[in-house]
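Letter by letter, the chains look like this.
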Amino acid sequence: MSEVLSTLKNDMSVYPSEVVNKYNFFSQLFAIVRTAGQKVMSNDPAVVKEIWTMNRQQIKSADERACLAWLNSFFEPAEFLKRLSLHREYVCKSKTKQQADPKLYYVEIPQQKRQINLIDYVPQDKKNGPQALEVIQKSIEEQRAAEQLREEKRQKALAAKQEKAKLAIEKARKDELIKAKPQSVLNRVAEEKKQSRIE
Amino acid sequence: MEKADQIAQDQAVDRMLQLYFLLPEKIKQVFPEKPAEKEEKKDSPSKQAAQPALPLKA
Numbered sequence: 001m002s003e004v005l006s007t008l009k010n011d012m013s014v015y016p017s018e019v020v021n022k023y024n025f026f027s028q029l030f031a032i033v034r035t036a037g038q039k040v041m042s043n044d045p046a047v048v049k050e051i052w053t054m055n056r057q058q059i060k061s062a063d064e065r066a067c068l069a070w071l072n073s074f075f076e077p078a079e080f081l082k083r084l085s086l087h088r089e090y091v092c093k094s095k096t097k098q099q100a101d102p103k104l105y106y107v108e109i110p111q112q113k114r115q116i117n118l119i120d121y122v123p124q125d126k127k128n129g130p131q132a133l134e135v136i137q138k139s140i141e142e143q144r145a146a147e148q149l150r151e152e153k154r155q156k157a158l159a160a161k162q163e164k165a166k167l168a169i170e171k172a173r174k175d176e177l178i179k180a181k182p183q184s185v186l187n188r189v190a191e192e193k194k195q196s197r198i199e
Numbered sequence: 001m002e003k004a005d006q007i008a009q010d011q012a013v014d015r016m017l018q019l020y021f022l023l024p025e026k027i028k029q030v031f032p033e034k035p036a037e038k039e040e041k042k043d044s045p046s047k048q049a050a051q052p053a054l055p056l057k058a
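If you read the sequences in order, they're chains A and B. Per my numbering, the very first residue in the first sequence carries number 1; after that it's consecutive. Per my numbering, the very first residue in the second sequence carries number 1; after that it's consecutive.
Worth double-checking, as some hints may not be accurate.
In silico SDA-like pairs for lysine to any residue, Cα to Cα no more than 25 Å straight-line [as the list claims (entries may be wrong)]:
#1 B/K28 <-> A/S85
#2 A/K82 <-> A/K113
#3 A/K82 <-> B/K26
#4 B/K28 <-> A/Y15
#5 A/K113 <-> A/E79
#6 B/K28 <-> A/V20
#7 A/K153 <-> A/A165
#8 A/K127 <-> A/F75
#9 A/K60 <-> B/Q11
#10 A/K60 <-> A/S27
#11 A/K103 <-> A/E141
#12 A/K60 <-> A/D44
#13 A/K95 <-> B/A8
#14 B/K26 <-> B/A12
#15 A/K93 <-> B/E25
#16 B/K28 <-> A/Q143
#17 B/K28 <-> A/L8
#18 B/K3 <-> A/Q111
#19 B/K26 <-> A/N117
#20 A/K156 <-> A/A146
#21 A/K95 <-> A/R114
#22 A/K9 <-> B/P24
#23 A/K126 <-> A/R65
#24 A/K161 <-> A/L149
#25 A/K9 <-> B/Q6
#26 A/K49 <-> A/L71
#27 A/K49 <-> A/I59
#28 A/K60 <-> A/Y15
#29 A/K97 <-> B/D14
#30 A/K9 <-> B/A12
#31 A/K82 <-> B/I27
#32 B/K26 <-> A/E3
#33 B/K26 <-> A/Q98
#34 A/K82 <-> B/P32
#35 A/K95 <-> B/K26
Keep in mind that the hints were calculated from the coordinates and are not lab data.
Between the sequences and the hints, there should be enough to build the whole structure, so can you do that?
Structure representation (structure tokens):
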């Protein structure tokens, strides 16, 4: 992990400018969020957006509409799942934990660490939006359904292949019988001739 | 917030932001996608045969 991470910022010129802009924007924004008086950095999209609105002048970035789009996207459930899997793969050092169920992996990280290490998920719609564990559960179910669909397709393709092979064998047998028939007729004729000579 | 706590938080957040924004780009650069030969290559035996063999161990 450390090897990968230690080289990422070596040469920022290798990245597209939009990626660098986004990285710089969120770095600056979360630095301000961290100093906003709370003990642990807030991950609440509403709070982060408010802090951004108040400190827009300090953060060098693209136009406001683009920044807002970046912010909305960053707090989407799918993006949180990306961060969770990145943490699991590149930050976690325990193989056992890496192989654990994503929900268990998430729960085992203490809440305060989750906020910082994962930039944890807080639903944009606090009343009706799904909580982090529900988001993870949904992704697990979707993954399972996709795997099941893939397996069904694989089984169907295999059955079709077997059926095709069976038909090919049957056809080959029929062809062989057709070819074999004149030979048997010839044999019978030869046998009859032989018999007649003997007689 | 204590200074040590703050530094730890700064590092943890920066680590995640690097992984989230920079790593996917780095991966794209190291392993560039070739969309034209995605699935086809896996299925086609003739194309598989055309792939270079693994180097033999000395």
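Each hint tested on the structure:
{"no.": "1", "hint": "B/K28 <-> A/S85", "in the structure": "holds, 18 Å"}
{"no.": "2", "hint": "A/K82 <-> A/K113", "in the structure": "holds, 17 Å"}
{"no.": "3", "hint": "A/K82 <-> B/K26", "in the structure": "holds, 16 Å"}
{"no.": "4", "hint": "B/K28 <-> A/Y15", "in the structure": "holds, 10 Å"}
{"no.": "5", "hint": "A/K113 <-> A/E79", "in the structure": "holds, 18 Å"}
{"no.": "6", "hint": "B/K28 <-> A/V20", "in the structure": "holds, 15 Å"}
{"no.": "7", "hint": "A/K153 <-> A/A165", "in the structure": "holds, 18 Å"}
{"no.": "8", "hint": "A/K127 <-> A/F75", "in the structure": "holds, 16 Å"}
{"no.": "9", "hint": "A/K60 <-> B/Q11", "in the structure": "holds, 21 Å"}
{"no.": "10", "hint": "A/K60 <-> A/S27", "in the structure": "holds, 11 Å"}
{"no.": "11", "hint": "A/K103 <-> A/E141", "in the structure": "holds, 12 Å"}
{"no.": "12", "hint": "A/K60 <-> A/D44", "in the structure": "holds, 22 Å"}
{"no.": "13", "hint": "A/K95 <-> B/A8", "in the structure": "holds, 24 Å"}
{"no.": "14", "hint": "B/K26 <-> B/A12", "in the structure": "holds, 20 Å"}
{"no.": "15", "hint": "A/K93 <-> B/E25", "in the structure": "holds, 23 Å"}
{"no.": "16", "hint": "B/K28 <-> A/Q143", "in the structure": "holds, 24 Å"}
{"no.": "17", "hint": "B/K28 <-> A/L8", "in the structure": "holds, 13 Å"}
{"no.": "18", "hint": "B/K3 <-> A/Q111", "in the structure": "holds, 21 Å"}
{"no.": "19", "hint": "B/K26 <-> A/N117", "in the structure": "holds, 21 Å"}
{"no.": "20", "hint": "A/K156 <-> A/A146", "in the structure": "holds, 15 Å"}
{"no.": "21", "hint": "A/K95 <-> A/R114", "in the structure": "holds, 19 Å"}
{"no.": "22", "hint": "A/K9 <-> B/P24", "in the structure": "holds, 13 Å"}
{"no.": "23", "hint": "A/K126 <-> A/R65", "in the structure": "holds, 23 Å"}
{"no.": "24", "hint": "A/K161 <-> A/L149", "in the structure": "holds, 18 Å"}
{"no.": "25", "hint": "A/K9 <-> B/Q6", "in the structure": "holds, 21 Å"}
{"no.": "26", "hint": "A/K49 <-> A/L71", "in the structure": "holds, 7 Å"}
{"no.": "27", "hint": "A/K49 <-> A/I59", "in the structure": "holds, 13 Å"}
{"no.": "28", "hint": "A/K60 <-> A/Y15", "in the structure": "holds, 18 Å"}
{"no.": "29", "hint": "A/K97 <-> B/D14", "in the structure": "holds, 23 Å"}
{"no.": "30", "hint": "A/K9 <-> B/A12", "in the structure": "holds, 15 Å"}
{"no.": "31", "hint": "A/K82 <-> B/I27", "in the structure": "holds, 15 Å"}
{"no.": "32", "hint": "B/K26 <-> A/E3", "in the structure": "holds, 13 Å"}
{"no.": "33", "hint": "B/K26 <-> A/Q98", "in the structure": "holds, 22 Å"}
{"no.": "34", "hint": "A/K82 <-> B/P32", "in the structure": "holds, 20 Å"}
{"no.": "35", "hint": "A/K95 <-> B/K26", "in the structure": "holds, 24 Å"}
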